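Colleague: Place chains B and C on chain A using the hints.
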Amino acid sequence: MIKKIIEAILFTAGKPVSKEEIKKDLKVKDEDIEKAIKELMKDYENSAIEIVEVNGKYVMQIRNEYVEYVKKFAPMEISKSLLRTLAIIAYHQPIKQSDLKQMIGSQVYNHIKELRKKGFLKVKREGRTKLIELTNYFYEYFGFEDKNREKIREILYKKIKG
Amino acid sequence: MIKKIIEAILFTAGKPVSKEEIKKDLKVKDEDIEKAIKELMKDYENSAIEIVEVNGKYVMQIRNEYVEYVKKFAPMEISKSLLRTLAIIAYHQPIKQSDLKQMIGSQVYNHIKELRKKGFLKVKREGRTKLIELTNYFYEYFGFEDKNREKIREILYKKIKG
Amino acid sequence: MKMKEEIISYIIKSKDLLYREENIQKYIDIIQNKVYIKNPFDRAIAAIFELVIEREIDPCQIDLIKFSKLYFEKIKEDINLFVAGKILFMAWKILRLQSEEILRNMERKEEMEEIEIPEWYGEDEAFDYTIKVMGNELPFEKKIRRMPSRKITLVELINAFEEAKEKLKKKKKVKASWTGNIVEHTHKEDIENDIKRVMEKLSKLNGEAIPLKKLYNGKDEMLSILLPLLFLAKEGKIAIWQDNFPFGEIYVKLNHD
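Protein chains in written order, with the numbering used here: chain A, 14 to 175; chain B, 14 to 175; chain C, 32 to 288.
Looking at chain A on its own, in the form it has when it is part of the complex (with noise of 0.2 Å):
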């Protein structure tokens, strides 16, 4: 039962979702709410649809393999600004929060905040400069092997001029 309903909350957000969100509304312990997501990551396991964790919240999506089928069907789940935010931070990486800023505006401290929300992004602080990098998720996202910071880069320019 409790599996079932993580599993309808799962699918029902869209987005990624936390144990203490699901535990608001479920009377469960924390491993009852692992282990029922565990069991449903197997169970998914055949499945076009995968469940992964994010900075340690759930997400149910389409595995990468697939979705240059369903584009069609549905719109993006970022906007297009954001996105180029993103790409910016994934080629210069890790970049300071004052040279992104200089770069794309003030629209700055909104997008890191939607793109760590997405799970995209962490900040670091070293002193009193802001480091933005990207997280594990991105490159499971986007399907990158290697976290290669230059071999990442070379995807990324090659592509563009291919």
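No lab work stands behind these hints: they were computed from the structure.
Because the structure is a prediction, the values reported are computed rather than measured.
Below, a list of computed lysine-lysine pairs in the BS3-like style, where the Cα atoms sit at most 27 Å apart:
| hint | chain 1 | residue 1 | chain 2 | residue 2 |
| --- | --- | --- | --- | --- |
| 1 | A | 84 | C | 198 |
| 2 | C | 196 | A | 137 |
| 3 | A | 143 | C | 200 |
Modeller: Just chains B and C, lined up with the frame of chain A:
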């Protein structure tokens, strides 16, 4: 493969999808789609999610038993009394606001406001009369292929007759 | 209790007017709740009596429109009473025809509107459907589905990157051309000439101080004066001071070497 692509499409679309829409991208026969969907329906038998046919289209949605648990997470929540009003409009459209008021009382104003916000209705003015009509989104959301009023009436009436 | 008796006496008094006089005992029994009514038609009639008693409606003056509304509410709770709605509709039709007849005779057609029956009422199916929906039978279910949305593809990310690059390039160009303009602008103005002009003005004053604002007319001229003034002050050739900070007058004076 076909099965998984269809699964991905249904998950993504969030509304009823017809065989024709699926076929546009996949070069497959109707019976292959039907077979794949039948299999999917079976795969989801033990899940909180179900795949059902709605007026000849297919949709992936939460099973009734779990609706209560996920209401909070749902992007669109329609109350039963709103749904009742919508059902009346769907049958009688285009219907005068004054006639609708006679049927459902003074809640008519709130209901029309809500249903317009959700994108199901549009209100046309003809002189002093306000005429209420369904939007394309209504047909899409509830999976009506045909916008012919008589046909819709027939379908609605049949559903109620059981 | 009183109301019940009133209705019973009204029925007895109106005995001759009853469509079926022989039913009078049945009506009285219904009003007194003496019998269990199985027949839906009789139940529909019972509901009429109940409503009149509950709401203490004057049996001689029933407002059909108001009454119908109340009646619908009442039968909503009992879907089996759908047939009652049908009866009421028929009654409405009969009454309407009767009143139309009367109105025609009285040539007062404008009152017709008051008892206008909505068109949908006339059709069996429409009526049936509407009453059932009101009674909470729904033709479509309350369903929870996902908001249509999907992941972004790598190609889309790359396209976004390309767009971003173009935008940044444009921005840089704009910035460059903007700073370029300023340099050009200053060159054109020829700072040295400006300095000469300011010096000429100041030397005519015989070493007396002059309020800054008297050295220029309008914003444009102010710009052409400020730069030379700052340059001259830096060289120690003039003195600039303000009487009361921050709003006081600013004065300029030639220094004597």
